[in-house]
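Make the full structure from the sequences, and use the hints.
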Amino acid sequence: SVTPPPQMPATLEAGTIEGYCVGEPWNQAAVQKKIGVPIITDDEIWHDNPEKVFGLRKDFAEKYPATTKAMLRAIIRAQQWLDADGGKNRPEAVKILSQPNYVGADYDVIAASMTGKFTFEPGDTREAPGFNIFFDKFAGYPFYSDAIWYMTQMRRWGQIPEDHDDQWYFDEAKAVYRPDLYLTAAKSLAEDGKIPAAAIPETDGFRGEQGGFIDGITYDGKQPNGYLAKLKIGLKKGQRVTASGVTGN
Numbered sequence: 001s002v003t004p005p006p007q008m009p010a011t012l013e014a015g016t017i018e019g020y021c022v023g024e025p026w027n028q029a030a031v032q033k034k035i036g037v038p039i040i041t042d043d044e045i046w047h048d049n050p051e052k053v054f055g056l057r058k059d060f061a062e063k064y065p066a067t068t069k070a071m072l073r074a075i076i077r078a079q080q081w082l083d084a085d086g087g088k089n090r091p092e093a094v095k096i097l098s099q100p101n102y103v104g105a106d107y108d109v110i111a112a113s114m115t116g117k118f119t120f121e122p123g124d125t126r127e128a129p130g131f132n133i134f135f136d137k138f139a140g141y142p143f144y145s146d147a148i149w150y151m152t153q154m155r156r157w158g159q160i161p162e163d164h165d166d167q168w169y170f171d172e173a174k175a176v177y178r179p180d181l182y183l184t185a186a187k188s189l190a191e192d193g194k195i196p197a198a199a200i201p202e203t204d205g206f207r208g209e210q211g212g213f214i215d216g217i218t219y220d221g222k223q224p225n226g227y228l229a230k231l232k233i234g235l236k237k238g239q240r241v242t243a244s245g246v247t248g249n
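Position 90 (the sequence shown) corresponds to 90 in the numbering used here; numbering is contiguous.
Here are the simulated lysine to aspartate or glutamate pairs, EDC-like style, with alpha carbons at most 20 Å apart:
1) 222 with 209
2) 69 with 59
3) 88 with 127
Honestly, the hints are just simulated from the structure, not real lab data.
What follows is the structure, given as structure tokens:
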């Protein structure tokens with residue numbers, strides 16, 4: 001069975017599970033109740049990693065372009081508001097999120113990871129200015145290279161059972177990630193004076209080489225197979241996952 005995130009602290013406290021991997025504020029809920037301790041944050045595993053996604057079916061976006069644009073405009077404006085002036089609006093955001101019709105967790109629990117700090121256990125609160133980034137560093141832009149990184153991990157662990165050339169990764173990413181939709185909304189906001197034009201990246205959809213990974217290995221989204229070859233653990237080139245197991249060298 002799958003435990004919904006809001007129920008994870010109670011399930012942990014009941015002894016039904018020994019631990020969990022979840023987004024905030026459910027780690028902080030366990031800390032506040034003194035029933036659990038976060039081991040590591042995702043930012044320590046992959047610095048400035050992408051996390052949440054706003055996804056639509058392709059047919060919906062094509063049938064309702066104005067609605068799609070309006071939703072994206074609203075999301076982008078909310079992202080900017082959250083990061084504006086060093087996060088000065090975060091306490092107000094926490095008040096909103098703590099309402100029962102939204103997240104519904106206590107204010108202090110949500111604030112523990114939303115206001116520039118992170119608590120690992122009572123008495124161990126550390127500065128974490130980049131733990132949540134919503135707008136800065138082009139955080140909301142759907143980079144193809146982010147999608148490709150996740151696909152390299154799917155290949156590494158067998159969810160993608162066969163080898164594919166680099167172009168396959170590019171094509172799959174471009175079939176799902178739609179920076180054109182994001183840019184249409186963002187540019188209209190810039191034209192309306194709602195966000196600065198400098199906040200819109202000039203990019204081909206690929207980040208430059210990225211470090212900041214826990215294993216110290218550099219990732220280049222334009223060379224997915226080259227990146228896979230650097231990884232000591234996981235499927236290797238030529239290996240294939242079948243019903244009977246892994247085949248190939």
